[in-house]
Amino acid sequence: MKLLLNPIALCLCMLLVTGESVAQVPDGLFAGEAPLSFTLTARMQAIMKDRTQPAHDSLAIKHPAQLTYLSDSASRAVGTIPLALVVRGNFRRKATNCTFPPLYVDFPKKRVAGTPFAGQNTLKLVTHCQSDDYVVREYLVYKLYNLITDLSFRARLARVTYVESAKKRPVETHWAFLVEDEDDVARRNNRRERKMQTPFNKVDSLSLATMAVFEFMIGNIDWDVESRHNVRLMTQPGTDKLPSVVPYDFDHSVIVDAAYASRADDTGQRIYRGPLYPGWLLKRVFSQFTELRPRFYALYTSDARLNEAYVKQTIMYLDKFYDLINSPDAVKSRFFSGDKDGALFASFSH
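Sequence positions in the sequence shown follow mature numbering (1 follows the signal peptide of the UniProt record, and there is no 0) and run -23 to -1, 1 to 327.
Note that these hints are calculated values from the structure, not bench results.
Check the hints yourself; a few may be wrong.
[As the list claims (entries may be wrong)] 16 Å max Cα-Cα, derived EDC-like pairs, lysine to aspartate or glutamate:
1. Lys39 <-> Asp49
2. Lys289 <-> Asp110
3. Lys172 <-> Glu203
4. Lys39 <-> Asp83
5. Lys86 <-> Asp158
6. Lys120 <-> Asp27
[As the list claims (entries may be wrong)] Pairwise CB distance ranges (calculated):
7. Thr138 <-> Ser279: 37 to 47 Å
8. Pro271 <-> Arg88: 14 to 24 Å
9. Arg88 <-> Ser310: 49 to 59 Å
10. Ala8 <-> Pro271: 17 to 27 Å
11. Asn178 <-> Lys289: 36 to 46 Å
12. Asn178 <-> Ser324: 12 to 22 Å
13. Glu170 <-> Ala323: 29 to 39 Å
14. Lys145 <-> Ile248: 25 to 35 Å
15. Gly91 <-> Lys289: 39 to 49 Å
16. Gln246 <-> Gly96: 35 to 45 Å
17. Gly319 <-> Arg136: 31 to 41 Å
Every residue, glycine too, gets a C-beta built ideally from N, C-alpha and C.
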């Protein structure tokens, strides 16, 4: 159900913009663009069988492992880090959905200094699940949102070789990517995570509108602000500004097109799940997306890892989004269906 926001509260919310705080200069693991290359050696058979959701995170099994990272050319081993791998996730954790589960990589703080993983503690590793193609596609969705705002999760693509320490499974190499820790996202943007339920009208309007339009653009409905499902809320300490929203996990989106994804409409029909906002606000968001259109498209047309058919399919899907936001009638129908008297939509055309 779309939520009608109080106009006065909305004006106050607009004091905060999507990338409002000056981010610190990024460095380290997530500043790089080139894919990493590393090997994970562990009892992979045990990891593959570890699919039961623990009652609490503290009860999760930590599988001893070694990470051997390679040179930039991936031609030689540079160093080895002892660490732990923890099976994570909900949907992708289940063997019926993914042949290979997503992982946490739990780094020992004292052993990562001087390595590409310096300063890291525990990171999500998004693995291949059913196909390497889905990994690269979801990684690019993170890159799309990075173009919109610095207040976003960064990702680092990696070519990962999985080695069974008991030598009962063959060596496999797949695409994967690491996701920036949420605390680092907060620190980089001078923020602090808000870990309580928060309704739409208590979230910064421009931030939420931007994210909701983005999720609409990529065809993703697998998120919820109030329950913090696939989003994080971040506040700016020392101010009374409303929290901003930071999305993640995009594998169920139409643009990723994963075979296992569950969608409300398998035809790829876009569904807007954001609040009912004034036309001038959505017009502002659409303007930013229009400015970024060439850079959005370039992410796909310049990536040699994608096959030609997928690139063509994705560009066509994005074209439909831009056709829609440039049609006032379509905008009114898709974003203002709850605006019975047309008062909110009126400012869209001014």
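Consistency of the hints with the structure:
1. Restraint check for lysine 39 and aspartate 49: the C-alpha separation of about 29 Å exceeds 16 Å, so the hint is violated.
2. Note on lysine 289 and aspartate 110: the hinted pairing holds, with a Cα-Cα distance of about 15 Å set against a maximum of 16 Å.
3. Restraint check: the Cα-Cα separation between lysine 172 and glutamate 203 comes to about 10 Å, which is no more than 16 Å; the hinted pair holds.
4. A distance of roughly 8 Å separates the Cα atoms of lysine 39 and aspartate 83; the hinted pair therefore holds under the 16 Å criterion.
5. Taken as a hint, the lysine 86 and aspartate 158 pair is honoured in the structure, with Cα atoms around 14 Å apart against an allowance of 16 Å.
6. Proximity of lysine 120 to aspartate 27 is assessed by CA-CA distance (about 31 Å); at most 16 Å being required, the pair is judged violated.
7. The beta-carbon spacing between threonine 138 and serine 279, approximately 26 Å, falls outside the hinted interval of 37 to 47 Å.
8. As the Cβ distance of proline 271 to arginine 88 is approximately 43 Å, the hint placing it in 14 to 24 Å is violated.
9. Checked against the hint of 49 to 59 Å, the pair arginine 88 and serine 310 passes, with Cβ atoms roughly 56 Å apart.
10. At roughly 24 Å, the beta carbons of alanine 8 and proline 271 sit within the given window of 17 to 27 Å.
11. Here the CB-CB span from asparagine 178 to lysine 289 is close to 41 Å, well matched to the stated 36 to 46 Å.
12. Between asparagine 178 and serine 324, the C-beta spacing of about 19 Å keeps the proposed range 12 to 22 Å intact.
13. Roughly 37 Å separates the CB atoms of glutamate 170 and alanine 323, a value that falls within the hinted 29 to 39 Å.
14. At about 45 Å, the beta-carbon gap between lysine 145 and isoleucine 248 misses the expected band of 25 to 35 Å.
15. Separation of glycine 91 from lysine 289 is about 44 Å and conforms to the stated range, judged on CB atoms against 39 to 49 Å.
16. The hint said 35 to 45 Å for the Cβ distance between glutamine 246 and glycine 96, and at roughly 43 Å that hint holds.
17. The supplied range of 31 to 41 Å is broken by glycine 319 and arginine 136, whose beta-carbon atoms lie about 53 Å from each other.
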